[in-house]
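Okay, here's what each chain looks like letter by letter:
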Amino acid sequence: MRALVFAVYLFLYTPIALVVLFSFNSGRNASELVGFSTQWYGRALSNPFLMEALQTSLIIAFTSAGLAAVFGTMAAIGLERVGPRVRAIFDGLFAAAIVVPGVVIGIATLVALAELFSFVNPMLASVWPGTNVPKLSLGYGSIIAAHGLFSMALVTMIVKARIASLGRDIVEASGDLYASPLTTFREIVLPQIRPSIVAGFLLAFTFSFDDFIIAFFVAGSKTTLPIYVFASIRRGVTPEINAVATMVLVASLVLIVIARILMREKKIAS
Amino acid sequence: MVTAMLLGPAAAWLVVFLVLPFIAIIVFSFGERAPEGGYQPAFTLAQFANLGARAAAFANTLTLAPIGALACLLVAYPVAYYLAVKADPRHRMLLVSLVVVPFWTSMLVRTYAWMYLLGGRGIPHLLDLVGFSDVRLLNTPGAVLLGIVYGYLPLMILPIYVSLEKLDRRLLEASADLGAHPFSTFFGITVPLSLPGVMTGIALVTILLLGEYLIPQLLGGGKVFFIGNALVDLFLQSRNWPFGSAIAVTLVAVVVMVLLIAMRIAWRVAGTRQVDLM
Amino acid sequence: MANRHKENLPITAQGFMDEFMRLKRGSVTRRHFLTATGLGLATAVMSRVPGAISTPAYAEDLGSQMSIATWPNYHDPATFENFKAATGVAVEVNVFGSNEEMLAKLQAGATGWSLFVPTNYTIATYHKLGLIDELDLAKLPNFSAASENPRFTKEGQIDGKTYALPKNWGTTGFAVNTSKIKAPLTSWKDFFEIAQGEADGRAMVHDYQLTTIGSALVSLGLDFNSIKPEDLAKAEELLIKVKPHLFAINSDYQPAMRATDAWMTMCWTNDGAQLNRDIPEIHYILGKDGGEIWTDYYAIPKDAPNKAAGYALLNYLMDPKVAVKEHTANGAPTTDSRVLELLPKEIVSNKIVYPDEAALTPLEFGAAVTLTDPGRAELMARFKSA
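Residue numbers (this note's numbering), protein chains in the order written: chain D, 1 to 270; chain R, 1 to 278; chain U, 1 to 386.
Don't read these hints as lab results, they were simulated from the structure. Computed from a predicted model, the values in this text were never measured in an experiment. Just so it is clear, CB atoms sit at the ideal spot from N, CA and C, and this is done for glycine as well. There may be inaccurate statements among the hints.
Said to hold, decoys possible - Which bits of chain R does chain D cover? Going by a derived footprint, with three or more residues having C-beta under 8 Å, they are:
no., stretch
1, 213-219
2, 249-255
To be verified - No more than 30 Å apart at the CA atoms, straight line, and that leaves these computed lysine-lysine pairs for DSBU-like:
no., chain 1, residue 1, chain 2, residue 2
3, R, K223, U, K288
4, U, K241, U, K84
5, U, K228, R, K223
6, R, K223, U, K182
7, U, K189, U, K288
8, U, K243, U, K154
9, U, K345, U, K288
10, R, K223, U, K243
11, U, K321, U, K154
12, R, K223, U, K180
13, U, K180, U, K128
14, U, K161, D, K135
15, U, K241, U, K182
16, U, K234, R, K223
17, U, K161, U, K325
18, D, K135, U, K128
19, U, K180, U, K84
20, D, K135, U, K321
21, U, K241, R, K223
22, U, K84, U, K182
23, U, K189, R, K223
24, U, K325, U, K84
25, U, K302, U, K128
Take these sequences, add in the hints, and give me the full structure.
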C-alpha cells in the first residue's frame with residue numbers, strides 16, 4: 001500500500017522535478033541536458049515578452065478573481081433573500097457557467113464579441129467627434145470577462161454552501177438585538193464566510209492563471225503566460241520557460257507557507 | 001432593492017458573457033461558411049446534418065473520457081484511502097497538500113515534460129538500454145490516457161479523500177471486532193460509504209475531459225482527436241464558424257446529458273441525493 | 001550629390017558598429033544614428049504620412065517591441081538580437097503550422113503582428129479581404145526589385161502594386177532518416193507506401209491542407225492543386241488509410257526527427273537543409289512525381305500595432321548582408337541575386353537548397369483557390385478527426 005502511494009507521488013512529481021532540473025540546464029535546448037547553469041533565470045527575467053506575458057497573466061488573474069470574489073459573494077448573499085423560482089434560475093446559470101467546457105466558452109465569447117464589435121465599431125466611428133476614434137477589440141476585457149464567468153460561479157457555489165451551513169438564527173439574533181443589517185453582515189456574517197471567500201478567490205486565481213483554452217480564443221493580441229508557453233512549445237522550448245515555471249512554483253509554495261504561518265499565529269492569538 | 005443590487009452584477013455578467021454568447025453560437029450554427037471562411041447569415045440545418053463528419057471525434061471523446069475517469073479512479077482510490085485511513089495523522093495534511101501542489105506548476109509545462117519523458121530521449125531511450133529497441137510511446141492513445149490520469153488525478157483523489165475522511169473509524173473497528181475479514185469490511189463498509197466521493201470524482205473528471213484540448217494535442221500528435229480539438233481546428237484552420245458553432249452546441253448538449261446520467265447513477269448507487277458536483 | 005550617393009549605400013558592418021558605439025557613448029543622437037545606419041529612413045518617411053504613426057510624440061520612435069508571425073525554424077535568432085541592438089526594438093516570434101492558421105488569426109482580428117510571412121498563393125486572398133496594406137517602398141530602401149528573380153516574386157504584386165516582398169523560395173519534399181529506413185524513396189507514391197510499411201508509426205505529415213492533401217493527390221497521379229470532389233475523395237481515402245500508421249500530423253517535425261521519434265517526414269527545403277547539416281543520414285528528397293515549389297513573402301497586416309517597427313524590421317531583413325546570415329542559418333534559397341553573390345560556395349552548390357532545374361520541373365506553385373476551398377479544408381479536418 002505504502003509502496004503504491006509512494007509510486008503515485010513519484011508519478012506526480014517526476015515531471016515537475018524534470019521541469020526544475022532543466023531550468024538549470026546550461027544548453028539552449030529544453031530536451032538535452034548539457035551542464036549546470038543559472039543563466040536561464042537571468043534570461044527569463046530580462047526577456048520582455050516573457051515578463052509581459054507573466055504580468056498580463058497576473059493582472060488578469062487578480063482582476064478576474066477579485067471581481068469574481070466580490071460579485072460572487074454578493075450573489076451568494078443575495079440568493080438567500082429571493083424566492084425559489086429566481087433562485088433556481090440563478091442556480092441553473094451558475095451551474096452552466098461551471099460545466100460548459102472552456103473551449104465552448106472561448107468560442108462562444110469570441111463569436112459574440114466579434115459580432116458585437118463589427119456592429120459597434122462602425123457606429124462609434126460615425127458618431128465620434130474627432131479623428132482618434134476608440135476601437136473595441138479583444139484583449140484584457142474579454143479575457144477577464146470570460147475567466148470571471150467561471151470564477152464567479154465558483155465563488156458563489158462555495159460561499160453559498162458556507163452560508164447554508166451557518167443557519168439563520170445567528171443573523172436573526174443579531175437583528176433582534178437591533179444591529180443594522182450592515183453591522184450584522186460586517187460583524188457576524190463576513191467573519192464566518194471569509195475563509196470560503198478566500199478559498200474561492202484562490203481557486204479562481206489558480207484557474208485563471210493556468211487557463212489556456214479560453215484565452216487562446218479571446219486574447220486578441222494579448223499574450224498570457226500559458227499562451228506564451230504554448231507558442232514556445234511549437235517553436236522549441238528554451239529553459240527560460242522552465243525557469244519561469246520554477247519561479248512560479250516556488251512563489252506559490254512560499255505564499256502557502258506564509259498563509260499557514262499567519263493562520264496558525266491568528267489561532268494562537270485568539 | 002438591496003437584493004437587486006446584490007444580484008445585479010452577477011446577473012449582468014451571466015447574461016452578457018454566458019447567455020448572449022450561447023445565443024450567438026446557436027444563431028451561428030444555422031448559418032453558412034463565408035466563401036473565404038468565417039460566417040455568413042443563413043437559415044439552414046446543414047451544419048447539424050453534417051455532424052456525422054465528426055462522429056469519430058465524438059466517439060473518441062465519449063470513450064476516452066469515461067475510460068480516463070475510471071483509470072484516474074483506479075489510481076486515486078488507494079491513495080485517497082491511504083491518506084484518509086492509514087496515514088499517520090501528523091503527516092496527513094502535508095501528504096494531502098502534496099497532492100494539490102502540482103496544480104501550481106503550469107499544466108502546459110508539466111505536459112511538455114511528459115512529451116520529453118515519452119519521446120525518443122526519455123523512457124524509450126532507457127528501454128533501449130535494457131534491450132527493448134524502437135519502443136514508441138509518444139503520440140499514442142496510451143500517452144493521451146497517461147496525460148489524462150496525470151492531469152486529473154488530484155481532482156479524483158480529493159473528493160474521495162473527503163468522503164473517506166468523514167467515515168467513522170469506529171465502524172471499521174466494530175467490523176473487525178465482530179470478526180469480519182478485512183476484505184469484507186472494506187467492501188461492506190468502506191467502499192459504500194465512499195461512493196458519494198467516487199461519483200463526484202468520476203462526474204467531475206468526465207465532464208472536464210469532454211472539453212479537453214491540450215492533452216490530446218500535445219501527447220496525441222494531432223492523431224488522437226477529441227471534440228475540443230475538432231472545435232479548435234474548425235475555428236483556427238478550416239475557419240468554418242457555423243459548423244464549429246453547431247459542434248459547440250452539440251457538445252454542450254452532450255455534457256448536460258452526461259451530467260444528468262451521472263446524477264441519476266449517483267443517486268441510485270449512493271442511495272442518497274447528497275451527491276454534489278462541487 | 002556625391003554625398004547623397006554615399007548616404008544611400010548600404011552601411012558596412014564595421015560602419016554600423018562604429019555608429020552604434022558612438023550612439024551608446026552618447027556622442028551622437030539617436031536620430032543621427034538612425035539616419036547614418038539607414039534604419040531611420042523608414043521612419044523619417046513615416047513622419048510625413050499623417051496618421052501612419054500611432055504615437056505622434058517622436059516620429060522616429062519605433063517603440064520598444066513588435067511581433068512577427070512566421071514558420072518554425074525559419075530565422076537566425078541572432079538576426080532579431082542584432083535588430084534589437086540596432087533599434088532597441090525587441091521582436092517576439094510567433095510560429096505557425098499552416099497559412100490557414102495565420103489567415104484564421106487575421107480574420108478574427110487583433111493579432112498584434114507587425115510583420116508576417118505568408119506563402120505566395122495566399123497573398124491574393126489577404127488583399128481581397130483587405131487584411132494587408134500596400135507596401136510603401138520608399139520605406140524599404142534595402143529592397144531591390146531589379147535583383148529579384150521574377151519567377152519567385154510575381155505574386156507579391158497585385159494590379160501593379162506591391163503588397164508583399166519575397167523572403168525566400170523553397171520546395172516541399174520529404175526527409176528520410178536513412179539509418180532507419182533502407183528502402184530507396186524517390187516519389188510521393190513511395191512516401192505513402194513506406195509510411196504504411198517500413199516506416200510504420202514513424203512517418204509525419206504536415207498539419208497543413210496544401211501540402212498534405214497536395215502530396216497525397218500527387219502520389220495518386222492527380223493534380224497537386226485539385227479541388228475536384230472526385231479527386232479529393234481519392235486523396236481522402238489514401239490519407240485515412242495511412243493515418244493509423246503515422247507518427248504525427250504536425251508541421252513542426254524537426255524535434256521528432258532529431259530525437260528519432262520520427263524517421264520520415266514531409267519537409268520544407270529549409271528544414272531539410274538544417275536536418276541534413278546536423279544529421280547527415282537524414283536525406284531530403286523531392287518527389288519525381290510532383291510536389292510544391294513556393295515563395296514565402298513578408299507582408300504587413302492592416303491592423304499592425306507597430307507599423308513603423310514592422311517596416312524597419314522588413315527593411316533590415318532586406319539588407320543583403322542580413323539576408324545572407326539568415327540564409328546560412330535557415331537554409332532556404334534566396335530570390336535575390338545580390339544575396340546569391342554573397343553566399344559561400346558550399347551553400348550555392350548544396351543540392352538540397354538549390355536543386356537542379358530538372359528536379360524542379362515536376363513541382364507546382366500552390367493555387368490561391370486551395371486556401372479558401374471548403375472541400376479541402378473539410379477534408380483536412382476529417383482526416384485529422386478520423
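To see whether the hints hold, each was checked on the structure:
| no. | hint | in the structure |
| --- | --- | --- |
| 1 | 213-219 | holds (count 3) |
| 2 | 249-255 | holds (count 3) |
| 3 | R:K223 / U:K288 | holds (28 Å) |
| 4 | U:K241 / U:K84 | violated (48 Å) |
| 5 | U:K228 / R:K223 | holds (26 Å) |
| 6 | R:K223 / U:K182 | holds (26 Å) |
| 7 | U:K189 / U:K288 | holds (9 Å) |
| 8 | U:K243 / U:K154 | violated (36 Å) |
| 9 | U:K345 / U:K288 | holds (26 Å) |
| 10 | R:K223 / U:K243 | holds (8 Å) |
| 11 | U:K321 / U:K154 | holds (23 Å) |
| 12 | R:K223 / U:K180 | holds (23 Å) |
| 13 | U:K180 / U:K128 | violated (46 Å) |
| 14 | U:K161 / D:K135 | holds (29 Å) |
| 15 | U:K241 / U:K182 | holds (23 Å) |
| 16 | U:K234 / R:K223 | holds (20 Å) |
| 17 | U:K161 / U:K325 | holds (29 Å) |
| 18 | D:K135 / U:K128 | holds (23 Å) |
| 19 | U:K180 / U:K84 | violated (42 Å) |
| 20 | D:K135 / U:K321 | violated (40 Å) |
| 21 | U:K241 / R:K223 | holds (13 Å) |
| 22 | U:K84 / U:K182 | violated (46 Å) |
| 23 | U:K189 / R:K223 | holds (22 Å) |
| 24 | U:K325 / U:K84 | holds (16 Å) |
| 25 | U:K302 / U:K128 | holds (12 Å) |
Comparing the model with each numbered hint stated earlier shows that hints 4, 8, 13, 19, 20 and 22 do not hold.
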